[in-house]
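Participant: Chain order of the listed sequences is A, B, C, D and E.
Be aware that the first sequence starts at 46, since it is given in the working numbering, and climbs by one per residue.
Be aware that the second sequence starts at 22, since it is given in the working numbering, and climbs by one per residue.
Be aware that the third sequence starts at 3, since it is given in the working numbering, and climbs by one per residue.
Be aware that the fourth sequence starts at 52, since it is given in the working numbering, and climbs by one per residue.
Be aware that the fifth sequence starts at 14, since it is given in the working numbering, and climbs by one per residue.
No lab work stands behind these hints, which were simulated from the structure alone.
Do not rely on the hints blindly, as some may be mistaken.
[Said to hold, decoys possible] Below, computed lysine to aspartate or glutamate pairings styled on EDC-like, alpha-carbon distance capped at 20 Å: (1) K276/E / E57/C; (2) K136/B / E204/B; (3) K150/B / E191/C; (4) K180/C / D96/B; (5) K276/E / D62/C; (6) K136/B / D168/C; (7) K276/E / D122/C; (8) K180/C / E140/B; (9) K93/B / D181/C.
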Amino acid sequence: MNFFETQHLTKAFGGLIAVNDVSFQVVKGEIHGLIGPNGSGKTTVFNLINGYYPITSGKILFEGHELNGLPTWKICKLGIGRTFQVVKPLRRMTVLENVMCSAFNLTTRRDVAKEKSLEVLEFCELSKKQDFQAKGLTIGDRKRLEIARALATGPRLLLLDETMAGLTPQEQAEGVKLIRKIRDAGITIIIVEHIMQVIMNICDRILCINYGQEIAGGTPAEVANNQAVIEAYLGKE
Amino acid sequence: MLRLEHVNAGYGDIQVLWDVSFRVKGNEFVVLVGANGAGKSTIMRVISSLISPTSGEVWFEDQRLDQVPPYKIIDLGIAHVPEARQLFPEMTVLENLELGSLSPKAKAHRKETLKWVMELFPRLNERQKQLAGTLSGGEQQMCAIARGLMSRPKMMIFDEPSLGLSPLLTQEIFRLVQRIHGEGVTLLMVEQNVKQTLAICDRAYVLENGRVVLEGKGKELLENEQVKQAFLGI
Amino acid sequence: MDVFIQTMVSGILIGGIYALVGLGMTLIMGVMRIINLAHGQLMMVAMYITFVLYEYFNIDPYFSLLVSMPALFLLGVLIQKYLLNPLLRIESIIPQNQILMTVGVAMVLTEVMRFIFQSDYKSVKTPYSSAVLYISSIAFNFPMLIAFGIAMLLTAGLFFFLLKTDTGKSVRATAQNKDAALLLGVNAEWITQLTYGLGAALAAAAGTLLLPIYYLYPDVGGPFTLKAFIITVLGGLGSTVGAIMGGLVLGVAESLGATYISMALKDAVGMVIFVLVLVFMPGGLKTLTKV
Amino acid sequence: MKPNHWSKLIIVLFLAIFPLIVPSDYYRHIFILALMWVVIGSSWNLLAGYTGQVSFGHAAFFGVGAYTAGLCVTKLHISAWWGMLLAGPVCMVVAFFIGCVCFRLRGPYFNLATLAIAEIFRLTAIVWRDLTEGMQGILIMRTFRNKTYYYYFALILAAACIYAIYRVIRSKWGYYFVAIREDQDAAESMGISSFRYKTFSLLISSFFTGLAGAFYMNYMGFIDPEVVFSLYFISIMAILVAIIGGAGTIWGPAVGAFIMVLLQETFRSSFFGLFPKWVSQAHVLVFGLLVIFVIRYMTNGIVGDWIKVQRLWSKNKEQPLASTGS
Amino acid sequence: MKKSTVIVIALLFSIGLFLYPASAQEAIKVGVILPVTGEKAKFGEIEKKSFEMALEEINAAGGINGKKLEFIFEDDTGRPDVARSAAEKLITKDQVVMLGGGYGSSETFAIANVAQESGMPFLVSTGSDNKITEQKWEYIFRINPPVSDYPRGLESFLTEVVKPQTAAILYENTNFGSSGQKEFQQTCERLGIKVVMAEGYQSGGVDFKPLLVNVKKANPDLIYMISYVMDASLLMKQSMELRLTPKVFVGGGAGYTLPEFQKNAGKASDAVFSATLWYQTLPYPGAKEYYDKFLKKFGMDTEYHGAEGYASAYVIADALKRAKSLKPEDVRGALAATDMMTVFGPVKFIAYDKMTNQNKLPTYVVQWLNDKLELVWPKEVASKPYVYPIDWEKVWK
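Just chain A, with the same shape it has in the complex (with noise of 0.2 Å):
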């Protein structure tokens, strides 16, 4: 039994294909990349795992349980966080409090939500900033905001959906730490980027994908010598 796998992952909008047989397996414990250009469908396959879109057909797979048709809540319960591309701070709540919403999947009791909430944002650096709201956080802290939120829901595999993005070279750095931090942790992760520096650095095993079909897959070194990975990021000659 795989960790995690999408078995001809397929979605249509009305006549557009999104996403078409995608396929891909994901190990316990790796860093996974997706790799695409613009609008080639990366973020549309993390809707499609978190039950945000209904699958159109082919299956998810996560620890044996077939995820089609479940509510994105429950996909979340069942040890699948995710963060969004265009963060969704809870504006106007505290960044402690953000994160408790999380850890509330884990107890019903504050102080225990607060006592766990207040480990995450530590991982996550975010300490010394616990008690500011949300919407006043620079990019980079919302960035880290969505993950720790992720992180407290506790979950076994964890969706970053371009988390560097708008980031300065600083920050970038400081991301990849926390990344590997998380890996270290024991958490598996898909992450979607398109920062190169970043995804070749971290990634043990890249999926890349253009017009919602995969077109290479393997390890970083691999998948950035590929013909047609090169040519679907910087066109055909």
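Position chains B, C, D and E against the provided structure of chain A, taking the given hints into account.
Facilitator: Relative to chain A, chains B, C, D and E alone:
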């Protein structure tokens, strides 16, 4: 013709552009390339005055663009073909095109312009009465470009015209872009399809993380290893 | 059989006026995505204008359309400009604060009119108020026929405006894609004002046309506001064709309901249809007609 | 900015001894009405201000609550006070079904659906004469002549309502409610079933609104459908009470309720007879202007934008305000 | 300034306000609660003006045993909870000696409830639901007949003149309408008239044709309608349009006796009968004078609501004059002993049917003839002979 000087801009408290300066001369074809999230679209929105820079200036000919409301930009002679087409899906192709020529100057010549545009895009001519939302991706892109042309612009700015198009269609779009340049329109284009665009443009700027990191002739940049690195991270 | 035909005739005729009320609302909803809970009250203001013109200047209600519509257009533009548009820039806990603002506007309009005219019932009695046309035994109320005719003319005019003029196309464009419209040189702020003005003017037309067959008091607007949003949702948000269909459907449904179920439940028929449509056909009639 | 505890204590003390120091039944009556509105406004606020589901149909719950109490007398021949026990659960059942219909919808559609359902309730209550006596209404004999009992009853109800909401807001549910208000999609991805928690919020909200309705029946002794299912005087009034005081704050609706009820009474009686009579006609106009003003300039209501109010205050007094910041 | 200080001052101030005694005046104060805003304001206004008119006359004639009488008007806005507030205010703050007014049945209930509890005499002038005086509330008196009595005068007219076999009842869905419908249905059953249709409607409708086509199909001899004025005129106009031709149209008071009814319905109002409580040509002393004076003073017509108000004022004055003291029990006693003649007819509070402290009055039938409302039944007091049978085609031509 168009100059950006030390522009800092962003959305709310998120800064996206850091001290961006570049210029487009009359009749030039300039391309901005950069990975996603590098701030290309933000530059486009700054030029169109949809967002105003926190500091710095944007000049078009003798006009400060950053002090003009967005709906007046097109009157000055700049047509913006936005990312993801942004057509009006429940209106016909013809109506979409007509909406491109709202300014009094363009309106006066609407019929001639329409004829010219239809010659340029024969496929749109066939689908005049069709709802824009029902067009295929390539046709939608053409419609968006045609709509921009309807204002008889001095300058056109394209935001990722190849987005979501197959390689074949992308090539067709680029051929059209070149033809428009041939008609004497100044062009500024944002693209992620690096090789093809660098091959056809006059000059290019490379953006990384909201900053301009490289500038040069298209062909020269094509050979530059740094460009490849910026895109593939190797 | 006569009962059925007469019911249908009544329903369709009243439906014409409902359509006019709904059209204004659907325009506003389409462009601004808000429910205008002051819609019936705008209609009420127009009715008072018509009433004053008739009572003191002896102007026929149908001619006073030429006054009441521009006046309400202006009122609508001002409301949008000074009360609704500024709210777009304010963040509030309740996201629907534009809707709540229209509630406030509705209250103020009603009370100002009450202050001026008191709560008395007013009506306009024209020589043709009770004129009736008979086709076999079916009665067609003459002012209602005229109202229906003018309503259809105004609808046609609105269609011409929306389909054939640049400004009309800009209105539709703004409803469909505000950012793109901005890029093409459409002043979206002005379009919202124009739209609210137009919506108010259409409500004014409905009010003015209704006055010869109905009557007037400051609270007359409330029920029509309810009808307006039923029609809008029934027709599909922002769909002009839908609003016309919705108006007719509501008129006929109410009439049938009143004849065959109970007059007392006439208004409930509309509400039940409304909830059913919301739940089972969220796109309204638009999903059936595709326009 | 933390509210001053002293001032809170003073207010609570004042309310607790109010009927003892103010012998006038008239003022007691006004305060009883205000306390009842505290309950309705606060419950609306839980659903709209905290959970983000703006209901235009709270009259449905108020009316069902009132009729539950009324029917206890006319149909079950027991005291209307049993209604205080029954109204809550009955309203929750009704609310559950309303939730099943309305929570499928978002934004303006949700607003309209709640409004329509409340109207359906009103029309049904008018027509179903066998059950409700229709517009003839239900008249009961009140239990107490002394208003003090009713006053304390209303006070306890209001306090219980505010305390319950306060506890809920500080619990897991409260966090979930606010998360749903802020971003429903984000909330779902955090493992929060938005449907389930919206329903919980609605159930609590309807429970207290129903109790207020049952209290109204007991206190007023007479109800009819136009009064207790009124769109303008219950549903919209509940919204106004909460937004004027401050939606999404614990004390906002309470403040709003007192402002609205006192304002209405002040105007209705032409400032207790001090002003010419025509002033009495202006109270709805003043409500309308107040609503426009609050939405335009104090979006978060008087409690939510208290800092703004203070600033206004200090400006008038030519006193620089120590920068409070938030 | 500290916030707490502000609050303390505000509270002290408000306590001061609460305790501030109503300024003592020589005048005897009576509270009158009527709707002068809201949807019912139209009739409330007529009644209020009549109260004021009577007050002037009473004070000009020396007031109450030398003291001036003062009416303190409160607006109930047509809502029971507001009516209750108003009553509470009048009793405890203004310290009136008794209450008058009461227009809508629901509001009257609310006021009566307060009055009874506080032991404050309340003379109801209009609120007509039977239940108001069926509660055995000893402090509540009612000058106008209950709604069940409205068609009483009609009864003899129907049995002696029209002799209908079938009837349709249309009524507005309000307290007034539905209790009226209930009573008239019983009356019909008693008289052996078959009620073929009884249907309520929401007042304020634009189009009554769906209702009327059903009536047309049922083809009753008598159509009895309980409506306020604008619904009344629309109902008649649309009946004319549909050519409904029963033997008679009869209105159940309220809207059908108002000048606005004729003004709006035009020729559709012709030959329509209505039950009524009062008419200016009735042989009551001062009735005609009251009508003329009102018309002259305010430039508008008055009708039975006005007469009720005017008469109430005189009953109040009379009771206060006779009262041993201004204590509520004494005023109550004086009210209960009332036996006087007014423009509205003789006033005497008796117990009959299930009611107590109820004034019993004969009621009448009026008919619109040549755009004028004429008293046509009983014959002894008629201002003009009734027109029956009616040739509708001729009337409506």
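Participant: All hints, please: hold or fail.
Facilitator: Hint by hint, here is what the structure shows:
1. Straight-line distance between C-alpha atoms of K276/E and E57/C comes to about 14 Å, which keeps the hinted pair within the 20 Å bound.
2. A threshold of 20 Å between alpha carbons decides the hint, and for K136/B with E204/B the separation of about 15 Å falls inside it, so the pair holds.
3. A distance of roughly 29 Å separates the Cα atoms of K150/B and E191/C; the hinted pair therefore is violated under the 20 Å criterion.
4. Between K180/C and D96/B, the direct Cα distance comes to roughly 18 Å. Compliance with the 20 Å bound is thereby established for this hinted pair.
5. Distance restraint check for K276/E and D62/C: the Cα-Cα separation of roughly 18 Å lies within the 20 Å cut-off, and the hinted pair is therefore satisfied.
6. As the CA atoms of K136/B and D168/C are separated by approximately 18 Å, the hinted pair is consistent with the 20 Å bound.
7. For the given pair, K276/E sits about 14 Å from D122/C by alpha-carbon distance, which is consistent with the 20 Å threshold.
8. Distance restraint check for K180/C and E140/B: the Cα-Cα separation of roughly 29 Å exceeds the 20 Å cut-off, and the hinted pair is therefore not satisfied.
9. A distance of roughly 13 Å separates the Cα atoms of K93/B and D181/C; the hinted pair therefore holds under the 20 Å criterion.
Hint compliance for this structure: hints 3, 8 are broken, all remaining hints hold.
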